[in-house]
Every structure is written in structure tokens, then in C-alpha cells.
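Novice: Residues per chain are reported as follows:
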Amino acid sequence: MADRIPEAFRHRSAQVGLGLGLAVGAVALIGPLLTRNPNATDYAHQLLSPSHAHWLGTDEAGRDELARTVAGIRTSLGAAVVVFMLTTTTGFVIGSLAGYVGGFVDAIASRIVDVLLGLPSLIIALAIVGALGVGYWHLIFAISFSGWAYVARIARSHVLGSRSRLDVTAARMAGIGELRLFVTHVLPAALANIGIAATSTFGDTILALAGLSFLGLGAQPPTAELGQMLSDSRGDLARCPWLVIGPGVAIVTAVAAVTLISDAFRDASDPRPMRLGRLPRRGRPRGGDGGDAGDGGDGGDSSDAGDGGAGAAESAAPKRNAALEIRDLHVTYPDGTVAVGGIDLSIAPGECVALVGESGCGKTTLARAVLHLLPEGSRVAGSVDVADIDALNVDRSNIRRLRGRAVGYVAQDPYAACDPLQSVGRHVNEAWRAQRLTPPRRDAARRVEALGVDRADDRLKQRPHQWSGGMLQRATIAAANTLRPNLTIADEPTSALDAALGDGVLKAVRDASRSVLLISHDLRLVGQHSDRIAVMRRGHIVEVGATADVIARPQHPYTEALLAASSPAPAGPRAPTSPDATTASPVVRARSASRSYRAPGGTVTGVIDADLAVGAGEIVGVCGPSGSGKSTLLRLLAGIERPDAGDILYGDTSAWRASAGRASAGRASAGRRRPDYPKPGYVMPIFQDPLASLDDRWPIWRTITEPLTARHARGAGAARDRRRQVARDLLDRSGMANVALTARPGELSGGQCQRVAILRAVVAKPALIVADEPTARQDVITSALMTELLREAIGAHTAAVIVSHDIVWLRSLTDRIVTITDGRLL
Amino acid sequence: MGQALLTLWASSVLVWSLLLLAPGDPARRVLAAKNIVNPNPLQVSAERTKLGLRGSPVHRYLRWLGGAVHGDLGTSWVTGHTVVHELGSRLPATLRLAIASFGISVVLALLLALIAASAPRRWPDTLARVVSLAFLVTPSFLLGTLLLDLVVVRWGHFRVLTTGHWDTVLLPAVTLSLGSAVVWSRILRGCLLESAGADYLEVSAARGAGRIRLLLVHALPNSAVPFLTVMAVGVAGLLGGAPIVETVFNWPGIGAFAVQSVTARDIPVIQGFTLFAVLAFVLTSLLIDVAVGALDPRARRAAAAGSGHG
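Chains A and B supply the protein sequences, listed in that same order.
Counting from 0, one number per residue, gives the positions in the first sequence under numbering that gives the first Met the number 0.
Counting from 0, one number per residue, gives the positions in the second sequence under numbering that gives the first Met the number 0.
Just chain A, same shape as in the assembly:
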């Protein structure tokens, strides 16, 4: 987040804030040197209006108002800075300590913080000043007293969250000590976030100080303080209104500056797009994309050469009865990216056409263009006709004919597609209501039942989070087809679900719809459900034809690559492991290990009574549906979590010294106790989310070679130059020769980040590598590359346990596969 700060300050409001802040700061620092004595009274010249001698006039004691304002700014700002330092330091120390040490200290500190945060701060400040007596230092103390709790809570949650951070976990497994972890990983991010959070309260502090001084509780005369000056001038204000200018403008400017600056900080951490269905502008695409000059090799096959075998050339007259007719579509996003560069596609009524390609190839853009949902400022050219509606030029009055009636839409993630606050039944009937029609009785129930959901009447009253993923997607399909649209667009309808459910959902899509545009990255899956396939790459269609033809005889090299990546061959027999591998102790062994968690609604069983042994050089795959416990098993084997019952052994020794009574279900502090590894870096992890498993502040050379800085390995390996050299070697050997050593994870793609994570795992020369769905977030081609690297990295002598829900992929990589269902190994 910190690296987005310079970008946030490019906004005008942030720059205004910065400018104002600098101005006020300058006044506070050097102003008093340039103005008269603010305390010099001159009763002969009371209440003068502004003049050359006194730019802001004089007050009721004859003192120069400008000088007093400047002095007041210095007083107010100075006090606010003191409060800021007090609250930030106290809050940071107490919060971090509570989060780090945990246990009793944390319990007490959290209670105190919660209570303080639950009280209205100004009232408490009032009470404290009442007890101590009026005075500026008492006021500062009082405001600090109620202010530190806010910082403490943020510090605590930051430190607590960092315990389970993936990059910290990986470093801990490599043998890095807790203190070093805290100082190098947790502290830098914490300081930045806490500083920013504390800044947001700076404005309130200034207001509180001024407000309570206004009431006479803070600075006492003759000290100049802005709030108190306002209060003193009240009696004379009617006759001398200029007296409000100095303190008023000063306060407003200071608070405005701080607010704008802290807003910029907050925006840096949370930029959000805004989409409420705007109409895009029309126009020719901008330079850089001249028709389909793009990729070499796609030549003229952007036309429907294989359309039904009828060989009809693209005639000038549009097919009126086509469900979808796209001609020469170009879409350029507002930031200049060409998403779609010249596409022709048509779908006949009753047909199911699959649009296949990697993520980023433009499939979703195409869907949005058909639905007229492109972001504002996009440039489009070409034509898109659905039934007989021109989707690109549809005006406001016709848009409801297009969306819902002519085109239906099934989204990727059913949970994200449903308004979480409304019942599923309302979601299914949304199209009726959006068209301002009344849904017929039992219409939703009937359609959902037809797709295989039983007890529909009752279940439709439930909320989305109470339905399972597969069922909810069926409800979404029913919702999309409510008004029997000519065309249904299904955008990756199975990606967010378990592989086993994919077939059922796709069948449901076909059953419920008239014509389907099926968008997916999984060639294998759509091959069984579509009539024709169009392969898309970087905004162009590279091949299109009948499904059977395309799969059996792919014409384009890209299609071949996609096919190969979608159905990897099972792994051949690996180099035979050394004879004493079978007699030696297993690298890791789980013996009747069990672990469960406490969750809202009761206990969730992770793993029950698991027995598994992995020998040196063996690659074991763990397969199962989501929620089956495979990740829990992996964490137990890796020593990241401690089993509630049973044991984990590395070699011959137990990882967790058996201390009876210490294991209790759901102890979240298990991460704090380290298991006894035979050596640091014995087990190294590869996590599912590559970006989260790398510290985003560190250059990759530092991350890759961090295991070399563990205490046992220090000396030869730890010198900076040596580390950079090692990192450079590794990167070169894994196909990233063009990536700089100082690159940060944010600058790399997901696939590159995962490769960096693999390199980090390897550098520690572990005996065991554990990988949790290492290719989950990648598309087919990238994950094929990853598999290669994994195979190399694991080598002949390292053991590995790999978790995945994709059994076909596992078969291509592992020696044996174990399945886990509902926590039990089969």
C-alpha cells in the first residue's frame, strides 16, 4: 500500500491538502519571527479594524490580531503534535505488545482498549480536565488519554494478523527467529499503517483542543490559542466581525489540510472502481491497433470458416434469426488497452458455442459488450446484434429489451452474483422485477426444481450463504433464463466451483437456455458440452469450428498448446529411489493425527485420524473436494499447525514434544509454538496465493535468499553479494533471466510470483516440500510452466506433498495419490 502513496498524491485534492499543510506549517514555524509580540497590550488602540498597521486589526486588549493568530497556530499545532506523539507511541507499544505476547497481557490490554473505545472521547476529556483543573497541559493529557486506544487497536490487529501471514510463515519454517521476523517483516508494514491511521485523527485532535479551549478549559490567558481567542471575541463580534477571520481561517485551513492529506493516504490503500451501468462512447479504436494486424499467424481465420460446414461465406445481409451476430468488434478500454481487436462470431438459435482462452484474452470484455456493460469511456467499433437489437447502440428506452429479455447472464461466482441481504427467491425473480413485471406464482420454484434443486419452495426463502456453491449456481442459471432470453452468456460458470460439479452445472446451463455463449478457460470441460468452439487469444479469435473437429484436429499452434495443457499425460515412472529409501525413516509421518477448529455454528473437523508416511524422494498428491480437510492435513504435515490428537514425526522424532493437556481444540496460538524440525528449513511451503506468500516490500532477491539468513546457515551464505549472486543464478535457470533482482512482487505476474516462491522453497535445500494448490489461480498455459518448474525443483531426492482438487493434474506429477473426504483419508 505504501507504494501507492505517490500515486494518491497526484489527485488535485491531495495536492491542495499538501500545499495548505505546508503553508500552515511554515506559518507556525517562522511566523512568530515575522510578527509583533502577541502579548503586547495597548489599551489606547483597542478593537481597531484592519489597517496597514494591523492587518487583522486589534483585539479587546489592543493586541495585534495577526500576531496573536500566528502565535495561536503555533500553540494549537504544537499541542496537536504532542498529543499525536503521545497517543501514537503509547498505542503502538501497548498494542504491539498485546498482539505479540498474547495470553493474559493481551486479554487485559484488549479489554482496556475496548472500554476506552466504547466511551465518547470528548466527555472523558471533559471529565479529566474537571478533575485535574483547567490548563493546557491538563487538556493535552486528557485528549491523549482517550486517543491512544484507537492506535492500540490497530497496532494489535496488525501484529496479530502478521502471525499468520504467509511470508512470515515461510520464513519461520526456514528457521528465521521470532525477533528477526518481527523486526524485518512485521515492523515496517506496521509502522506505515499505524502512522497513516494516526494521521487520520490529527484533524480531530486539533478540533478537540480548540473546542475545549473555546470553553475555557485549555489555554489560559494571556496565551494565544485559537479556540480561546474566538471565545474571548464573542462579546465584541457583532461590532467587530473581523475578529473571527484570524482564528477561523487558521483552524479551518489547518484541519482541511490534515483531512485532505489523510484522505489521500486512505485512498492509497483502497482504490475502488465505480460501475453503475453507464453507456460507453462510440468511436473508432485509437491508434496502435489497425484492424487485425495484431498477432502474426491468425491471418484471416477470424471469420467463421467452419460455420456448420455449410461453407456459406460471410454475406452482407445479417442473419436475422441468429441469436448473436458479432461483426468486426473492436473494444478499447479508457486506459488505452485494446481488449478486443476485430472479432467476428455468430451463434445460431439453439446452439452452444464455447469461447475458450486464457485469462486476459478478452472473453469477458466480449460478454460485457453484448450486455452493453462496458465501462464508461471505452471505445467500441463494429456491430453486435442480439436477436434484432443492436447491443452497442441501444438507447436507454430499449436497454431493458436487451438485458434480461434478449440476453441472460450467468456469472462466475454465484456468491458474488447474489445480493447477500436478499433471499435466493428474490434473486431468481430479479429479472421480472427489473422489467417492472410481477413474477408469476411459483415460477421461480418451478424453474429451479427443473434444474435439480429439491424442496424449492422452502429453500428459496433462504439467503445465498445458506446454499451450497453448486446449488446456488443453478439458481443463478434459473435467474438468468427467467424471461427465456434468446441468448444466455455463461461467464466461467464452473471456475469457482469444485471440478466434480462442473459437468452438472454445464448441463443445467444447456437445459435451461435457448442458445448459449459459454466462456471458459477449460477446453476439456467445455468440449463435452458445446457444439462449436472458438479459441481466443489476446483479443482475436485464432480458430473456430465444430467441437469435435477442433479437439481432434487443432489447426492453430495455440489451440494445440491449450489442448496439451488441459489434459496432461500421467507421470511416467520416475528414477528409482535409492534402495535404502524404503528402509530409512520416512521424511514425514502423520500418526493418527486429528485437528478441528471452532467456527461460528460449532466445531469444524479438519482432519480425523490421519495416517500418512512420505519417504525421501517420494511425491505424494492429496486430492479431495473443497472443505475435505486437505489443507489442514498439509498444515499438520508442514508443522504450521499442531494436531489436537495423534502425532507428527519428522524422521524418527516427534515434532511436538508431547506435553499432555496443552493441546486444546481450536487454539489459534498454535502458530506461536515452533515444532522441532530436525533442521531449520526441513520443510518449506508453496502456498496457493503467490502474491500473499511474498513480502511485498522486499525485492525478490531478498525473499528468495531469506532462508540463507537463518541462524544455522549464517556465515558463508549470508553475505549480501553472495545472496544476490545465488538469486541471480536461480532466476536465470528458471526462465526469468529478464527479471531484475530488485523487482518487487507487485511488478510481477502471478505466475512469476509463484516461481519466486518455488525458488525460495528450494534454496533452503529442504527435505520436504509442501504445496497447497500451487496452480490454482493460474490459467492452463501458466500452470503447465509451473508444473515443469515444480518437477525440476523437487528433484530426485526431495520429498513432496502436493494438494489439489484436480486429480488429472496430480496424476501428471505425483508418484501416488491419496484421497481425503470429510477429514478422513481413504
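For the record, the hints were derived by calculation from the structure and aren't laboratory data.
Owing to the predicted nature of the structure, the values given are computational and were not obtained by experimental measurement.
Please note that a few of the clues may not be correct.
Simulated restraints, written as ranges between beta carbons of each label pair [to be verified]:
| hint | chain 1 | residue 1 | chain 2 | residue 2 | range |
| --- | --- | --- | --- | --- | --- |
| 1 | B | Val57 | A | Pro624 | 55 to 61 Å |
| 2 | B | Leu294 | A | Asp113 | 20 to 26 Å |
| 3 | B | Leu64 | A | Lys678 | 55 to 61 Å |
| 4 | B | Asn249 | A | Ala22 | 32 to 38 Å |
| 5 | B | Ala290 | A | Gly503 | 38 to 44 Å |
| 6 | B | His84 | A | Val100 | 47 to 53 Å |
| 7 | A | Gly134 | B | Ser16 | 15 to 21 Å |
| 8 | A | Tyr596 | B | Leu294 | 58 to 64 Å |
Quick reminder that beta carbons are idealized off the backbone N, C-alpha and C, glycines included.
For chain A, the structure is supplied; the task is to place chain B on it using the hints.
Specialist: What follows is chain B alone, placed relative to chain A:
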């Protein structure tokens, strides 16, 4: 619920222990207020007993707490009347002010946020945000002073003297409400825009929902939950702002009275007022939690889990 009781109890300890912090001898001060300038030890001792200053701190705290539960918050050191009487006689005025402010705040916040969110980054949004920012950085005492001393006194609109009743509540209520209104509208706008990026909105749009339906039927209720949570903070703001606004407008409420008591070091009144304010705040927070739970069942489950962990 348990958290609320704990807060109440902890703040009672905090509030009561303020007494220990106060330097000087209260007995002498009260006697001085009664014009007994050089009291002899017997008088001081008698006064100390009367004021309940005898016994160990724990003992005195328990006595005070017991009294508080029964509605006896002690006696003012300045006026000699019971604290309950002093606060009670001024409470209705503050309640009127609070209710009026709250209503104005909610209406203003909804208006500003809906205007801003319906046309993000266009001129109504920018205007609404500039207006919000302007009122956010202008403290209530500045605004109140400007309103009262310029608008009322110099230019002669409205009435100068406030009565504490509905007829003169407008200016003070508007002043008090502006602080919360702009904070709420900023947050509500943020929530609306955030949920505008939500997938279910795009899906609904794909079904044909128009912009208004998206905003009112989908975005707004989903934003209501975080908004309600922020309202709790706003109530704290109202409570804290009341003393200042009441002082500016000479509104005869408990806020202004508390300020006078602070200046006069009238500890029992300060204790009573603080306790009352905390009680009001805790109750309001509880009510809001209940409302949030009713709106969003997921929050209810999360809350139950949170308190289950303890």
C-alpha cells in the same frame, strides 16, 4: 451485552476515581462557597462526613455506586442541590436538541450521499463533497459563533435568546448536526460506491435493473449495515458536541451545565454527568447492534461467535 456492562462498570470506576485526582480539599472549598472562609477542624470534619469523604477508597466507591444505582448521585458542591435534580431539570432541553440534531443529520447525510453516489466524479458529486469537506473542517463552535453573533445579532434574523424549547431549536440543532451529517454522508457515499463495484450489482444490471433500482434496492440496504455501525460513533459525536453548542447558544441543557461545573471543579456533577453520558452512549450502541443484527443475519452469527470465544 457483556461488553456493554463491562464498559459501564469500568467507566464508573474511572469516573469515580477522578475524585482522587482532584487536588485540594473539597470540604474546605464547599465551606468556602458557603462563606465560611476559615473553618475550624471540627467544621471541616463535619463537612467531610457530610460529603461522604470518609473511609477507604474502595468503601467510598461502593457507597457511591450503590447510591448511583438507586438514583442518588450526590450533591453539587456549588449549588447545594442534588446532582440528580440539577441534571434532571436540564435534561429535557438537551433531549430536544439531540433529537432535532439527529433527525437533521440523518436527512442531510442521506441526501448528500445519494446525490454524490448517483453520479460519481460528476459535478453533483464534486459539489456535495466540497460542501461536506467545508462543514467537516469547520468546528461547531466556529460555525455556531458565526451563526449567532453575525446572523442573529448583527443581521437580526431569528431570535437571540434561546429558551430550550422547540421554538428556538433550529439554529443550535443545525449547528450540532452538521458535524455528524458530513461524516455520515462521507462514509455512506464510500459504502454506496464500494457496493457499486460489487458483482451482484453487475449481475442485476444484466437482468435489466436500472440505475435507480440498483441504488435504492441493492446498494443502499447493503450499505446500511456499515452505516448503522458508524452511527454509533456519531451519537458519541452528538454527545460530545452538545456541551460546546449549548455553550455557544446559551442553551439551558446539561452540556452547558457540565462545562460550568468543570470550570467550577464541581466534582459530583462532573461524575454524574459523565456517568449519564456513558450510559446513554452504551444503550444507543446496544440498540444499533440489535438493528444491525436484524438487518444482516451474517453479522448476527459473527457476533455470536465473537462473544462465544470470550
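Novice: Now look at each hint and say whether the structure bears it out.
Specialist: We went through each hint and held it up to the structure:
A hinted range of 55 to 61 Å holds for the C-beta pair valine 57 (chain B) and proline 624 (chain A), which are about 60 Å apart. Leucine 294 (chain B) and aspartate 113 (chain A) have their C-beta atoms about 23 Å apart, which keeps the hinted 20 to 26 Å range intact. A C-beta distance of roughly 60 Å is found between leucine 64 (chain B) and lysine 678 (chain A), which places it inside the suggested range of 55 to 61 Å. Separated by about 36 Å at the C-beta atoms, asparagine 249 (chain B) and alanine 22 (chain A) satisfy the suggested range of 32 to 38 Å.
As the Cβ distance of alanine 290 (chain B) to glycine 503 (chain A) is approximately 40 Å, the hint placing it in 38 to 44 Å holds. In this structure, histidine 84 (chain B) and valine 100 (chain A) meet the distance hint of 47 to 53 Å, their C-beta atoms being roughly 49 Å apart. A C-beta distance of roughly 20 Å is found between glycine 134 (chain A) and serine 16 (chain B), which places it inside the suggested range of 15 to 21 Å. Checking the proposed 58 to 64 Å range against tyrosine 596 (chain A) and leucine 294 (chain B) shows it is violated: the Cβ atoms sit about 28 Å from each other.
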